[in-house]
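Colleague: Quick one: dock chain against chain with the hints and give me the complex.
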Amino acid sequence: MIATIRSEWIKLRTVRSNVTTAIVAVLIPLAISLLSVTFMGENNIDSGTLPGFIVGSGSVAVLLIGVLGVLCVTQEYSQGTIRLTLAATPSRPRVYLAKAVVVALLGAALTGLVVLIGNVVGSAIIDARDVPALDSNPDAAPAFLAMILMGAVVAVLGMAIGALTRNPPSAITTLVLWPLLVEGIVGGLLSLAFDDDVARWMPFQSGLNSMFLELPEDGFGRWGSLGYFAAWVLFVSLIAERSLKRRDA
Amino acid sequence: MITVEGLTKKYGSTVAVDDLSFTVEPGVVTGFLGPNGSGKSTTMRCMIGLDRMQAGRALFDGKSYSSLRAPLHEVGTLLDAGNAHSGRTARNHLRWMAASNGLPVKRVDEVLEIVGLQQVAKKRVGQFSLGMKQRLGIASVLLGDPRVVILDEPANGLDPEGIRWIREMLKHLALQGRAVLVSSHLLSEMALIADSLVVIGKGRLIEQCTVDQFISRHAKKWVVVRSPQLGNLVDLARAKGLQVATNENTAEFHGVESAVVGELAAGNGIVLHELSTQTGSLEDAFLEATALSVEYHGLSESAT
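Chains as they are written, first to last, in the working numbering: chain A, 946 to 1194; chain B, 3 to 306.
Certain hints may be false.
Said to hold, decoys possible - Now the in silico label distances, taken between C-beta atoms and shown as ranges:
no., chain 1, residue 1, chain 2, residue 2, range
1, A, THR965, B, GLY118, 31 to 41 Å
2, B, GLY39, A, GLY1166, 56 to 66 Å
3, B, ILE116, A, ILE968, 34 to 44 Å
4, A, ASP1072, B, HIS75, 57 to 67 Å
5, A, ALA976, B, SER88, 25 to 35 Å
6, B, LEU177, A, VAL964, 50 to 60 Å
7, A, VAL964, B, HIS174, 36 to 46 Å
8, A, SER1023, B, TYR13, 13 to 23 Å
Said to hold, decoys possible - Listed below are the simulated DSSO-like cross-link pairs for lysine-lysine, each with C-alpha atoms no more than 30 Å apart in a straight line:
no., chain 1, residue 1, chain 2, residue 2
9, A, LYS1190, B, LYS204
10, B, LYS124, B, LYS108
11, B, LYS204, B, LYS65
12, A, LYS1190, B, LYS65
13, B, LYS12, A, LYS1190
Hints were generated in silico from the structure; no laboratory data involved. For each residue, glycine too, the CB sits at the ideal point set by N, CA and C.
Only chain B is shown next, with the shape it has when bound in the complex (with noise of 0.2 Å):
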């Protein structure tokens, strides 16, 4: 369990993560979920005593990072599946990483195993694929058998496949009990990963809660109608004060429900083709959510 108290983190003047508390459970995946830019890495660097912050404390079943003695046995991190030196061995690299926690150098071999790398265990890790240094990555978070497993985005670069592999991990690590948080920008990935979401904005917690509510919350729901009299259905919503666009042959009613609508075109003898409620996507749900916190607001947000 992770217990993240009013962290704040300062660059000078800008303040990059502020005042921000959530909690991670065990036994499920939280997404920790952001724009880029939005103080998800700093919160996670802070976290583990890599960044100092300047108010705040982040606890791992109470203790705080520092206060670990082995912390790999309690913490498995990975921040960048880039962190290793190129002309290291596999092996290598997890054997120093264990030898700093007193593990043996039996346990290198077992995560080398069990994350599929046992065959390139003897190669530098400057000829591995992104997906094989995204696995050593998860063999290092493993080594210790930690309760607590913090991985900041994961996915990102990996073809389908190792998308697919470490969405599989990291059900699998929830499913034994531990804690597990992962970040990344894209609620897309997370639906299909995360139990829980913390989304945050401009350093800013903005909701903790389970992605159906966050969905349920934010995503936009509209009624669509396909109708042969449509333009009276409209002018007659238009007349009771709905808010109605229309396309080329549909209308979309926003901000009521489909009952509303149908009985107004059956009370006024409207035939209805087409009578149906749709719910905005995840993206759109996340966009709306942070839309006031992005921090970099790209030429493309016209086109969304």
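Same shape as in the complex, but just chain A (with noise of 0.2 Å):
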């Protein structure tokens, strides 16, 4: 299992198109964020400005770690590489396995790297501007921890996808399209069906929520939201797996 796993970390980190896509989803949340707390009034910042600002810009570099999840799968099958892999490892939940833990970190990383970041540079815009000093913010560590963690499972989502259509663009558009058309679509339909608010079921959107220094009020709670979300893409990842296993390669 361990030689799988540095094989896929291997893979990975040899492919320009992924380095790139590494970099650029750490780069533009930063420059979001950083951005925003340079222009921002001074007035107008608070102990919660910087962290919200942080976990705010945390949906795109989730996205972006995401495309880098389906990356990785589709590039095997669009350049041939993927039965060099399957006969080199003939068992394909562990080649799954490998290449989920491997983007799983990387993607928990490439987060890590934005909070890291966006904090250190982030608080020295703010001590060089004219602003009061600053409480911490309670809830700025749990809503940071939940966006590294959001890292870890939307690369897996991504991979997913990717091993289920084989395919980059159809994969990244499903990507996409699911948080941002689909979960709405599908929500804003159920919610004029039921008076319940349904947005909270919608798993995508749930995992998006569990990022927020404040919470919306009727959902599942930080912890809960986000192993909602865990929950969706380990089936979706288990399904995707099935399908490596049973199709030829």
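Modeller: Laid out in structure tokens, this is it:
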């Protein structure tokens, strides 16, 4: 298993487009939150401002990390290396698990970098401005942890969608349209039919909610929302792993 | 040693490989021969578990491929030299393969040297010529120093120098005691590389034999005669019920030994300027053997 994980890690980091995607997944969210604290009106900055911007940019970070998850599978099909992978490691569950471990750790590391650099540089920017000293925000640490975990979960989701479609454009489209369009439409229709707010049952939205500083009132709580989304991702992953196992390579 | 028993692969209702059984012995190159579309690649993919077979099994020294923990140590496969990420360097391509089977980076540099790619090890595979990709593919086959080597159409698309290199490499691998299975749709190519043949058509085994046996069984033989009294000889032969085809100044006698024709001529006082036995080409033998099983009859069929 260790050998398979090492092999998958080498595979992931030796393709330039993967490295570029990973860098972009850190830089774009950082740019959003750091530019925001730089230009925000001084009177409006409080202890929740910087953490709020960082976790707010987290949704962009996790989507880009999801794209990375997609790429690490689909490029194997588009470049034909999946046959070499499965010839070198005949156990398909092992290949799937090793890939998932690698993209999950990388996803968490990338969101972790966004949190770390965002806090260090963001605090320095705020300190340099004419703002009175700020208290620490009690919700920041759990929200940051949720964001780091989301990096791992969405990476695994991207990988699962990639393994199901085997085709980069359709996998990326699915990954992006799911939270932006499908859950919006389905959630909207369902809330017309039911009095209850059904938004919390939308998996991706629930996952994104877990990163907020201030949680929605009728959600499952931070860890409940994240766990609910993770359960969906696990379900999709099991289907994808089964598909890898059953279909000809 | 490879043992394939009753391998059957269906795509929907189409039978791609039908109850195929054969063996590949160590120490020799075994040619896996069949027309395009006859199921050679499918068979190879099924053998190493990439495609699921509906029935049968393939054993490598008695073990199925899926039971091998680090298969690169046992079986080296090259299905398509294009199966490499064009953005990765040659060395990195081999590195991930080596890592997956616990092989050290040192081994990567060794195989790069064996195939003569050490100078371009840090170039991207996308910049490689087909011949260089083929060498990289052979390097990946050699990584785990396997006892069994499987190659699918390794000479396809190569220039003459590349073909010669592959040929020498395969012979070398067999001489080292490995079991080598190499597919091709060209018998002439196989005749130069292989000692033994597995011939298939439409997914079925036609024959497993040596190259010489295959040619002598399937290649046509006929007797060519040149004579100033050719007309007399042909008339006599036809009267005896022999099959004769005549050209401008030669006659071809089919289904008969040259001695019979010679004696017939001598007995009737006919002067012969030539009496020789001709053997059909390898390609003829192959076409003959697979004629009934060719999947796609091309327009050129009538011209051959």
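Colleague: Against this structure, judge whether each hint is valid.
Modeller: Hints, one by one, checked against the model:
The hinted range of 31 to 41 Å is satisfied by THR965(A) and GLY118(B), whose Cβ atoms lie roughly 32 Å apart. Checked against the hint of 56 to 66 Å, the pair GLY39(B) and GLY1166(A) passes, with Cβ atoms roughly 60 Å apart. Range check, ILE116(B) to ILE968(A): Cβ separation about 36 Å, and the 34 to 44 Å hint holds. Judged by the Cβ atoms, the range 57 to 67 Å given for ASP1072(A) and HIS75(B) holds: they are separated by roughly 58 Å.
Between ALA976(A) and SER88(B) the C-beta distance comes to about 31 Å, which sits within the given range of 25 to 35 Å. Taking the beta carbon of each, LEU177(B) and VAL964(A) are about 43 Å apart, not inside 50 to 60 Å as hinted. Between VAL964(A) and HIS174(B) the CB atoms are about 39 Å apart, so this pair conforms to the stated range of 36 to 46 Å. The hinted window of 13 to 23 Å between SER1023(A) and TYR13(B) holds, with their beta carbons roughly 22 Å apart.
As the CA atoms of LYS1190(A) and LYS204(B) are separated by approximately 28 Å, the hinted pair is consistent with the 30 Å bound. Among the hinted pairs, LYS124(B) with LYS108(B) is consistent with the structure: their alpha-carbon atoms are about 15 Å apart, no more than 30 Å. Restraint check for LYS204(B) and LYS65(B): the C-alpha separation of about 27 Å stays at or below 30 Å, so the hint holds. A distance of roughly 20 Å separates the Cα atoms of LYS1190(A) and LYS65(B); the hinted pair therefore holds under the 30 Å criterion.
For the suggested pair LYS12(B) and LYS1190(A), the alpha carbons sit about 18 Å apart, so the restraint of at most 30 Å is met.
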